[in-house]
Each structure stands twice: as C-alpha cells, then as structure tokens.
Amino acid sequence: MKLLTLNFLTCARKTCKTNPAAFPLHPREAELEQIEAEINPLLIQNLLPRINWEVLKTISQELGLPSLPESAPDSEDFMTEEGEPTQTLKDLHTLLMEMNVQNGKLVCGSCEHEYAIKEGIANFLLPSHMV
Amino acid sequence: MSEPVANGEAYEEEHVHEVYEQIASHFSSTRYKPWPIIERFLQGLAPGSVGLDVGCGNGKYLAVNRDIFIVASDRSPNLATIATTHPPHSVCVADILSLPHPAHTFDFAISIAVIHHLSTATRRTAAIASLLAPLRRGGRALIYVWALEQEGSRRGWSEGMEQDVMVPWVMRGKKAKKGKGGGEEAQEDRTFHRYYHLYRRGELEESVREAGGVVVEAGYEKDNWWAIVERGEGEG
Ligand SMILES: [Zn+2]
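Read top to bottom, the protein sequences are chains B and L. Heads up: the first sequence is residues 110 to 240, going by our numbering. Heads up: the second sequence is residues 1455 to 1690, going by our numbering.
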C-alpha cells in the first residue's frame, strides 16, 4: 500500500468517523518496500494540493523515513527548463507512489483497532459487533 | 423468492461474498471491457482528481484513466488481489457499509454492479449513503445496478416479475486429458448462485433520494439502470 493512500484512509468504524484522532491511521510493525513505478508529472502536480502535508510528515516520521521539509514543495519546481522532472519531483514521486507498506498494521488513534496489511493490501472488514 | 430480511449481513456472506471469493479468478477472466458511460465518466475527470471505486472486482475500471488517483476496494480479498495490477491506483479490502474513508474529501466515486447484491431495501439505501458521505461538495458518484427490465437479454426478466432472485454462475470444468503420465482428470462444471435485487424503473432514483442524494443524470444501458449523484445539501 502506497504512502499516498494513507492520506485517504481512516477508521472504518462509524463511531470513529467524527473523531479527529482517527485520522490518519498509524502504521505499526510496517515492512516497507520500494516498488518502482512510472513517474507521471501531470498527476503528481495536480495531486499536490489534495495532499495533507502534515499527515504525510507524521506518517513518514512514524515509519522512520528521513524527515520531510517543513512545508510542501512548490509545483513550480517540478520541471527543469528542458521539461525534465527535477529531483524535487522525483523524490516526491518516490515517497508517494513507490514507497509501499507491504506488511504490518494500521492502528486507529481513536478506538485502537488494528487493521492488518498483508502483501500490500489493507483489510478493513470489521467483526459484526464492531460495526 | 421474497426479500431475505431476517439477517441481511449473514445472508449476503453466504449468497454473495463466499461466491465471489470462490469464483474470483474465473469471474475476472470474463470482465475486461469497460462500459461506455463509465469510461466517459472517468475520462471526463480533471487530472489529479481523487476518488473511490467501491466493489472494484478485478479492477477493470482502474485501467481507464492514469491521470487520476483511485482508492479502490472490494469485499473479496481474492478480487482485491487481482485488482492491484493497475498503477497508479490503490486497492484495499472493505465493506461498502463500513468504508475506511474520511468524509467530504473525494472528487468522485463509482460503484458498478455492487449495490444490487445487498439483500434489503434499508441496506441498499445505506450503501448509497455510505458512497456519498466521502464526497466533497460538488463531488459525484456513478452507480450501476442490474435492471428488472431486461427483455432483450437471454435471462428474460421483465416488468412485474420477482425482483429478488438467485442468479447462477457456472464455472466450467475441464475435459479429461489423455497423456503419458495418466493425463488429467476431468473436472465437473460447478454452479454457484448469487443473490441479486433487480431494480425496476425509478427505484434507483428513489433510493438515492432516500439516502440524501441528488440525481444529476440517470439512464438505462445494457440491462442496467445507472445514476450520477451528488451529496444533498442537507447533511454535513
Ligand atoms: Zn477507530
């Protein structure tokens, strides 16, 4: 599961939906793997305003990745004058699209329920008494 | 057969989820061509749009537009695994009635051939509400469900007929192969039955309104009713 995806996930329990502590979910015992992916400058440039940078910083820190800059990069700095992707864009692409949590857990900060991630896929099915 | 109301969740576990889990790879090999209206909806989205594909099956709609980002989900872990082969999108296992997504966030959502598998009217309406809750204001959901009016199809259902039906899925076996090492044994055909609620004309729109949604556009395509829906002003 891509780090980008964690920007768009929260606890599946109804009672947690309105609790700010449930977002983002916290990775635990995470096995990270970098999986090469084709870079799409158009997509990343347009995704950037949708990404909560504070969330991304928190998650990167929890995963033990090198700390991110204080604020999000400027999409003006994504392409060289020759129209090639800059290092700034490449780094962001790696972080969002190539870093994957392959195995581990996602923990809700509100109810502490743990969701398993196996072979890159998080499972959000709840036992019926928890729905 | 009348609506199986007693325990919708347990009923669907047996008559929908277990079946898809077992037929996943065979089902996937028959589902590859996107329907035109769904393709048009996805291709019309601005680059960088973020959305959901709830009940993504084998992920055939994840191949349509690579300039958007879709968080797809399916109730069947086997199907979710098959769907992971479509970059740049992401896939997880989730139930439409308990989606793991923040409210008021997404530009769009699609749910194709999913909501007709819920076994009571209350659960079907709740599924639509659940699909609308993650949408930002102005975000749109595209919903497809099987129609009762299928006069043109080999199934022969039509207006006035029973709407809650069991539909067979035949997984063809293999013929015996002769070979030096004794060959392969024949496998018999296996038939699975899936529960469907067939929607009559106007029923999808009624359910959308009940779920607090506003129908923007709706129609009929190839044995299905579809609707493009926005979240109403009422809640949140
Ligand atoms: Zn929770």
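Don't read these hints as lab results, they were simulated from the structure. Just so you know, these numbers come straight off a predicted model, no measurement behind them. Where hints are given, some of them may not hold.
[Claimed, not checked] Cβ-to-Cβ under 10 Å is the rule here; a few derived chain B residues that face chain L:
(1) C120
(2) R122
(3) L134
(4) H135
(5) R137
(6) L141
(7) L174
(8) A231
(9) L235
(10) M239
[To be verified] In silico DSBU-like cross-links for lysine-lysine, where the CA-CA straight-line distance does not exceed 30 Å:
(11) L:K1514 to L:K1628
(12) L:K1514 to B:K199
(13) L:K1514 to L:K1676
(14) B:K166 to B:K214
(15) B:K199 to B:K166
(16) B:K214 to B:K227
(17) L:K1629 to B:K214
(18) B:K199 to B:K227
(19) B:K227 to L:K1514
All residues carry an ideal CB built from backbone N, CA and C; glycine is no exception.
Worksheet item: Holds or violated: K227 of chain B with K1514 of chain L, Cα cutoff 30 Å?
Response: holds, 22 Å
Discussion item. With the threshold set at 30 Å, check whether the alpha-carbon distance from K166 of chain B to K214 of chain B stays at or below it.
Written reply: holds, 18 Å
Discussion item. Using the nearest Cβ pair, does M239 of chain B come within less than 10 Å of chain L?
Written reply: holds, 9 Å
Worksheet item: If you take the shortest Cβ to Cβ gap from C120 of chain B to chain L, is it below 10 Å?
Response: Status holds, d = 7 Å.
Worksheet item: Quick one, is the L174 of chain B hint okay against chain L at 10 Å, beta carbons?
Response: For L174 of chain B, the interface hint is violated, since the closest Cβ of chain L sits about 18 Å away, which is over 10 Å.
Practice prompt. Double-check L134 of chain B for me: the hint is only fine if its C-beta lies closer than 10 Å to a C-beta in chain L.
Written response: At 8 Å from the nearest chain L Cβ, L134 of chain B passes the 10 Å test, so the hint holds.
Worksheet item: Holds or violated: is the Cβ of L235 of chain B closer than 10 Å to a Cβ in chain L?
Response: Since the shortest Cβ distance to chain L is 6 Å, the answer is holds.
Worksheet item: Does the interface hint hold: is L141 of chain B within less than 10 Å of chain L, judged Cβ to Cβ?
Response: At 15 Å from the nearest chain L Cβ, L141 of chain B fails the 10 Å test, so the hint is violated.
Discussion item. Next item in the hint list is R137 of chain B. Is there a CB on chain L closer than 10 Å to its CB?
Written reply: violated, 16 Å
Discussion item. Checking one constraint from the list: CA of K1514 of chain L to CA of K199 of chain B, max 30 Å. Satisfied?
Written reply: The hint holds at about 28 Å.
Worksheet item: Is it true that the CA of K1629 of chain L sits at most 30 Å from the CA of K214 of chain B?
Response: Judged against 30 Å, a Cα distance of about 44 Å means the pair is violated.
Worksheet item: Given A231 of chain B as an interface hint, is the shortest Cβ-Cβ distance to chain L below 10 Å?
Response: holds, 5 Å
Violated hints, listed in ascending order, are 4, 5, 6, 7, 17; each of the other numbered hints is respected by the structure.
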